[in-house]
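Chemist: Mapping of the sequence shown onto full-length UniProt numbering: position 74 corresponds to residue 74, and the numbering continues sequentially without gaps.
FYI, nobody ran anything at the bench for these hints, they're computed from the structure. Using N, Cα and C, we set each Cβ at its ideal position, and we do this for glycine too. There's no promise every hint is true.
Straight-line C-alpha distance at most 30 Å; calculated DSSO-like pairs for lysine-lysine [claimed, not checked]:
| hint | residue 1 | residue 2 |
| --- | --- | --- |
| 1 | Lys21 | Lys78 |
| 2 | Lys43 | Lys78 |
| 3 | Lys21 | Lys43 |
| 4 | Lys78 | Lys35 |
| 5 | Lys35 | Lys21 |
The calculated label-pair distances, taken between Cβ atoms and stated as ranges, are [said to hold, decoys possible]:
| hint | residue 1 | residue 2 | range |
| --- | --- | --- | --- |
| 6 | Gly27 | Glu93 | 11 to 21 Å |
| 7 | Thr89 | Glu60 | 31 to 41 Å |
| 8 | Gly27 | Gly55 | 33 to 43 Å |
| 9 | Glu15 | Gln80 | 10 to 20 Å |
| 10 | Ala26 | Leu2 | 28 to 38 Å |
| 11 | Gly46 | Ser92 | 33 to 43 Å |
| 12 | Ala44 | Gln16 | 17 to 27 Å |
| 13 | Gln16 | Glu93 | 20 to 30 Å |
| 14 | Gln23 | Met1 | 30 to 40 Å |
| 15 | Ala44 | Gln23 | 18 to 28 Å |
| 16 | Ala44 | Asp12 | 12 to 22 Å |
| 17 | Gln23 | Phe81 | 28 to 38 Å |
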Amino acid sequence: MLRASARHILVDTEEQCLTLKQQIAAGEDFASIAKAHSNCPSKAQGGALGSFGRGQMVQEFDEVVFSAALNQVQGPVKTQFGYHLVEVTARSE
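Can you make the complete structure from the sequences, with help from the hints?
Modeler: As structure tokens, this is what we get:
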């Protein structure tokens, strides 16, 4: 089964998501930003979600995780939970 590992930052607005993405692009640490700003309990691990299979996350998130290039910040990705920045850290069969 195809599996992936990813980390994410969840916020309430697209504007906040874009601002954080710019900070990461400017060299700020993804994990530090996740710890400071994410609404998800995964913020305690710097946004790390661990390993999961296709279909275990909501569809919009799943599509990005199983198609995006590795180690590149994707987003904003809108889901029922809010707006995410997503970085796929690994993918395997």
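Chemist: Which of the stated hints cannot be reconciled with the structure, identified by number in ascending sequence?
Modeler: Failing hints, ascending: 6, 7, 11, 13, 17.
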